[in-house]
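Participant: Between the sequences and the hints, there should be enough to build the whole structure, so can you do that?
Take a look at the letters that make up each chain.
There are 2 protein chains.
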Amino acid sequence: MHARVVDFLKGLQDRICSALEDADGAARFREDSWHRPGGGGGRTRVIADGAVFEKGGVNFSEVFGDFPPEFAKTLPGEGTKFTATGVSLVIHPKSPLVPTVHANFRYLTHGSKSWFGGGADLTPCYPFEEDVVHFHKTWKRACTRHAAVADYAKMKKDCDEYFFLKHRNEARGVGGIFFDYAVATEAMFEFVKDAADAFVESYLPIVERRKSLVYTAEQRFFQEVRRGRYVEFNLVYDRGTLFGLKTDGRTESILMSLPPVVRYLYDFKPKPDSREAALTEYWLKPRDWAEE
Amino acid sequence: MHARVVDFLKGLQDRICSALEDADGAARFREDSWHRPGGGGGRTRVIADGAVFEKGGVNFSEVFGDFPPEFAKTLPGEGTKFTATGVSLVIHPKSPLVPTVHANFRYLTHGSKSWFGGGADLTPCYPFEEDVVHFHKTWKRACTRHAAVADYAKMKKDCDEYFFLKHRNEARGVGGIFFDYAVATEAMFEFVKDAADAFVESYLPIVERRKSLVYTAEQRFFQEVRRGRYVEFNLVYDRGTLFGLKTDGRTESILMSLPPVVRYLYDFKPKPDSREAALTEYWLKPRDWAEE
Numbered sequence: 000m001h002a003r004v005v006d007f008l009k010g011l012q013d014r015i016c017s018a019l020e021d022a023d024g025a026a027r028f029r030e031d032s033w034h035r036p037g038g039g040g041g042r043t044r045v046i047a048d049g050a051v052f053e054k055g056g057v058n059f060s061e062v063f064g065d066f067p068p069e070f071a072k073t074l075p076g077e078g079t080k081f082t083a084t085g086v087s088l089v090i091h092p093k094s095p096l097v098p099t100v101h102a103n104f105r106y107l108t109h110g111s112k113s114w115f116g117g118g119a120d121l122t123p124c125y126p127f128e129e130d131v132v133h134f135h136k137t138w139k140r141a142c143t144r145h146a147a148v149a150d151y152a153k154m155k156k157d158c159d160e161y162f163f164l165k166h167r168n169e170a171r172g173v174g175g176i177f178f179d180y181a182v183a184t185e186a187m188f189e190f191v192k193d194a195a196d197a198f199v200e201s202y203l204p205i206v207e208r209r210k211s212l213v214y215t216a217e218q219r220f221f222q223e224v225r226r227g228r229y230v231e232f233n234l235v236y237d238r239g240t241l242f243g244l245k246t247d248g249r250t251e252s253i254l255m256s257l258p259p260v261v262r263y264l265y266d267f268k269p270k271p272d273s274r275e276a277a278l279t280e281y282w283l284k285p286r287d288w289a290e291e
Numbered sequence: 000m001h002a003r004v005v006d007f008l009k010g011l012q013d014r015i016c017s018a019l020e021d022a023d024g025a026a027r028f029r030e031d032s033w034h035r036p037g038g039g040g041g042r043t044r045v046i047a048d049g050a051v052f053e054k055g056g057v058n059f060s061e062v063f064g065d066f067p068p069e070f071a072k073t074l075p076g077e078g079t080k081f082t083a084t085g086v087s088l089v090i091h092p093k094s095p096l097v098p099t100v101h102a103n104f105r106y107l108t109h110g111s112k113s114w115f116g117g118g119a120d121l122t123p124c125y126p127f128e129e130d131v132v133h134f135h136k137t138w139k140r141a142c143t144r145h146a147a148v149a150d151y152a153k154m155k156k157d158c159d160e161y162f163f164l165k166h167r168n169e170a171r172g173v174g175g176i177f178f179d180y181a182v183a184t185e186a187m188f189e190f191v192k193d194a195a196d197a198f199v200e201s202y203l204p205i206v207e208r209r210k211s212l213v214y215t216a217e218q219r220f221f222q223e224v225r226r227g228r229y230v231e232f233n234l235v236y237d238r239g240t241l242f243g244l245k246t247d248g249r250t251e252s253i254l255m256s257l258p259p260v261v262r263y264l265y266d267f268k269p270k271p272d273s274r275e276a277a278l279t280e281y282w283l284k285p286r287d288w289a290e291e
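The listed protein sequences correspond, in order, to chains A and B.
Per numbering that gives the first Met the number 0, the very first residue in the first sequence carries number 0; after that it's consecutive.
Per numbering that gives the first Met the number 0, the very first residue in the second sequence carries number 0; after that it's consecutive.
Some hints could be false.
For identical chains, the list gives no copy identity; a pair is met inside one copy or between any two copies.
As a list, the in silico DSS-like pairs of lysine-lysine whose alpha-carbon atoms are at most 30 Å apart [unchecked claim]:
hint, residue 1, residue 2
1, Lys245, Lys268
2, Lys93, Lys112
3, Lys112, Lys153
4, Lys245, Lys270
5, Lys80, Lys165
6, Lys72, Lys245
Keep in mind the hints are simulated off the structure, nothing from the lab.
Facilitator: What follows is the structure, given as structure tokens:
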């Protein structure tokens, strides 16, 4: 299955980059190919200073070797030998009215076990209900097409729980789906392919609706403050980021997920009853958006 | 000893804030008093948008209660009851020619054990040899005045090792001193008092020499990129930050250490043979600066 997954993921990277370039209309992805000393490598593709996308990365990697023994024990399978391949993307638009998005689809083998993991989640600063509902409905439909292996309700709840900043008691965004250790059957591979190819449909209609809206300097300021939360989550909690940094992953590929310009203010609080206050008080509380 | 340490630290916070306000000449510290649900509280003092200091905090705290049992086992002493009091400061100047500085002096008790910890370290973007040497000499002199309890060579080496970003293979700054688990004898308290009161002398002469120098937009840009490294260190490695965030510390007081405006670029590399390239290639390599 490994070779078929790799073929699919490389094509996925091509299709997503192409769709994002079309939506941007100005900037193109640059590609850096890299090799991992312990085995394998990847194709990092980064877009910067576009008309729509301020910074984004769509990375493919295929690595193999030995897990650190202590880490290996925490995973399904036996021994230390592993393979891992995946596509991981984070897109930070320039406009505070266009949401940031993250998605990841990966396949791992460890001893006799193999599994898929991944998902997608949306992080708006100024959410529009239509967008949030569209994003969730896209993922729900993908799950429903593969109901024997994809439990939407569980994947939605797991996403809300994973992308959560405990020290802020605050969700990172409005959620999506998250799954891990999904036994690598053919049926699960079919789901992963279908879901991964739903990414473009989940996100680009939102970009098209919002990319030309005029925004204010105050909204841009608020976006830069909110991006600080994104950094806090990725550096303090995100398992993939921390595992990569602590096991000699390619730092620049891992940290391409960090937003381009960020502000950290002491004790910033939005004005009461503002759209900015509504973000944390209303939008970042988990709801069954697909049913709205 | 606890009460005498608290008295000293509160006075220290006053003296340092007053000296920093004089150096800034425009902004004043604002104070937030807070109470910790588990016991104790603190006085957070923050300066922002000054003539010299873009963002800075000088925090006093005095907390007590029970450590999480697993954490308690990793420390000297028995049981879970603890007290901790300290002053912690981070100052981010506006000018890229004025270095960022961090210092911390703390006193802990746990069961039958009590100890001091702390230190100070400097993080310039555009170092001047005179400044780096002055900073290190100040700390070496403080240690030498208390040679029976303060081993400068060890504290200097421990600082270089602690403030290190493994995933970058890069020091955070040019170092200083770092000590921990220093048994709380009267002689050690005398050292801590002397060292803590040397902070103003270690840093403000550097500020005075550099605060009026003209800098370029390119230098400011480089500072914003370098500040990204400061965030990476504090959120991925700093024990105090992670302990605070994961044990219901006051998030805004802990994260006041993050720089005000930060840029994360993909794979940024300074021009060869530039002052920017010299930062990592020359200045961030540990040296015995006090002997230069």
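Participant: Now look at each hint and say whether the structure bears it out.
Facilitator: Hints and how they fare:
Taking the closest pair of Cα atoms, Lys245 and Lys268 come within 30 Å of each other only across two copies (22 Å); inside a single copy the shortest separation is 34 Å, beyond that limit. In the homo-oligomer, the alpha carbons of Lys93 and Lys112 never lie at most 30 Å apart, since the shortest distance is 42 Å inside one protomer and 53 Å across protomers. For the homomeric pair Lys112 and Lys153, the shortest alpha-carbon distance inside one copy (22 Å) is at most 30 Å, but the shortest distance between copies (48 Å) is not. For the homomeric pair Lys245 and Lys270, the shortest alpha-carbon distance between copies (28 Å) is at most 30 Å, but the shortest distance inside one copy (40 Å) is not.
In this assembly of identical chains, the alpha carbons of Lys80 and Lys165 lie at most 30 Å apart only when taken from different copies (24 Å versus 33 Å within one copy). Within a single copy, Lys72 and Lys245 get their C-alpha atoms as close as 17 Å, and across copies as close as 24 Å, so both meet the 30 Å cut-off.
In this structure, only the earlier hint numbered 2 is contradicted, and the remaining ones agree with it.
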